[in-house]
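Based on the hints, put chain B in the right spot on chain A.
Chain order of the listed sequences is A and B.
Position 22 of the first sequence, counted from 1, bears residue number 22 in full-length UniProt numbering, the numbering being contiguous throughout.
Position 19 of the second sequence, counted from 1, bears residue number 19 in full-length UniProt numbering, the numbering being contiguous throughout.
In silico DSS-like pairs for lysine-lysine, Cα to Cα no more than 27 Å straight-line:
#: 1; chain 1: B; residue 1: 202; chain 2: A; residue 2: 98
#: 2; chain 1: A; residue 1: 202; chain 2: A; residue 2: 295
#: 3; chain 1: B; residue 1: 23; chain 2: A; residue 2: 202
#: 4; chain 1: B; residue 1: 202; chain 2: B; residue 2: 190
#: 5; chain 1: B; residue 1: 198; chain 2: B; residue 2: 284
#: 6; chain 1: A; residue 1: 5; chain 2: B; residue 2: 198
#: 7; chain 1: A; residue 1: 5; chain 2: B; residue 2: 202
#: 8; chain 1: B; residue 1: 116; chain 2: A; residue 2: 295
Quick caveat, the hints were computed from the structure, so don't treat them as lab data.
If you're wondering where the values come from, they're calculated on a predicted model, not measured in any experiment.
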Amino acid sequence: MERFKLGLLPFTAIIFGIFVLMLSVYIINSVEVFHRQGLSIYTTNQWVASEDPEKERYGVLSAIYGSLYTSILAVIFSLPLSISFAVFVIDYAPERLKEWLIIMNDIMAGMPTVIYGIWGAFILIPFLRDFIMYPLYRLLSFIPLFSFEPLSGYSYLSAGILLGIMVTPFASSIIREAYRMVPFTYREAAFSLGATRYEATKILLGYIKPAIVAGIILAFGRAIGETVAVSLVVGNTFNIHPSLFAPGYTISSLIANQFGNAFIYRYMTSALFSAGLSLFLIGLAVNILGMYMLKRWKHG
Amino acid sequence: MDSPKNATNSLTNSLTIRIIKEKIFLISIAVFTAAAIIPLFHIIYSVIVRGIPALSIEFLLGSLPAPNDGLGGIGPAIAGTFVLVFLSSLIGLPIAILAGIYSAEYPNSILGRLTKTLLQIMLEFPTILVGVFVMQVVVIPMGSYSALAGAFALAIVMMPYVAISTEEALKEIPFTYREAGFSLGLSRFKVVFHILMKMARKGILTGVLIGMAKVAGETAPLLFSAGGSSRIYFAGLDKPVGAIPLLIYNLIQQPYENYHQIAWGAALVLMLIFLGIFIPIRLKIKEVKL
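Chain A extracted, bound-state conformation:
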């Protein structure tokens, strides 16, 4: 092996080392709670913190539920926006506007998440509560989806919409890149058969469908890993409720809120590490799947 390659190896190894060490730290620190409670740490919703270790019981199901619920809402909210944005930029925007739209997209993608959080907490929540949640609650509270009275506005819906706004630029970048790569001849062929713009676009979007799915999956991964913005709007309540308006927890907001005082208790740190481990593995699986699908579509 040549000296240059050997010289670079330590730096590559450091990155691998950090990743492996991170995973190890989470597994090692989760073992204690696994020994004590087994998988009930993931299948129950309880948070009995006590200075008497005998009385402690933890279950992070509500956080897992909240993470999945809000991330699914985010993706549902984001999908039409992402696709529309991608189609508009590629097909309809004038050249100058196109450039600025892409710049704005990138600014949104890079904006510090705490700024989304402060906007979400003080602007978005009052708006959603007064103009979306209460009207729906008054009209449709007999439906479980709308059955929780939105007293504060901190809720799965608020978190889902805020996360949706945050992941839209990311998903639309992926979809836009794929859409741009559709060979021009396909478009010409569609129009030459007399297709309307709607029909032609539908055909072209069908062509890049795997890339859209990959974009959705990666957006889901990003949404589920978000901490700061979501913890400011989700309500941080140990709660499992079908209603969009109910407050809840996510894994990352649970960690952010509880770790500060976890060391007072014998088993809480281990419980939080096991929650982190589940987030680690979910995030890993989702990102690998999304990247794999994207790569396969590009080379398929």
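Frame of chain A, contents of chain B only:
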């Protein structure tokens, strides 16, 4: 058998429906595109409107006041953000750039491919997990929150951005330049560092600046590593240090009106820092991968 009149009506109706669908489609595209962009303008508008009343020299230099005791300042948080970005760059940049070079130079090796994939995974990694990890391996052994721990956490967040942009910048250089260098008898080290790196300099610098802008705005990795400091500006590498995003996050959750106003002011400062770095870079290059 249908009469010619019925056939004509049928065709006309079908065409009408198709035209209506197209119009609905175009309107939907426009509305959803606007809906995707409007939050950005509303966020910027809100931060400016609510943040400007707080802005003053005292606000930038002073320290946090008591609850309900006016606006004071966010000086320690601003100082802390710059310290953390500087330190995390010091730690993270060399590793990231060299790992990116490896990935670009040996794209077909197993390690090269794994490195690229791992960097892409780490790009999307939940940053709260980085914060907890650094707490466990740095803060607990050290016995306290510290600037060093915060910088280490931010370095981990920064490295994938810089490494990937380095790799992509190097890959864009035509192969003929590499061949020309080798044909002159230069070693690979010289080819990479004297020729390719100089040509890729702009792309790498862009990645570095975006990575720095990114970590300047990070909150989650700092929650359990930097500790936060709202009244002491800088007390040493081994002592807790403030950061603007961390301050904003903490103040939002307080029940005091003056703290909320300070949070908005700090958000304006943070947004100006971010946009001040990001927009100039962005206008100079085609696209950014974030």
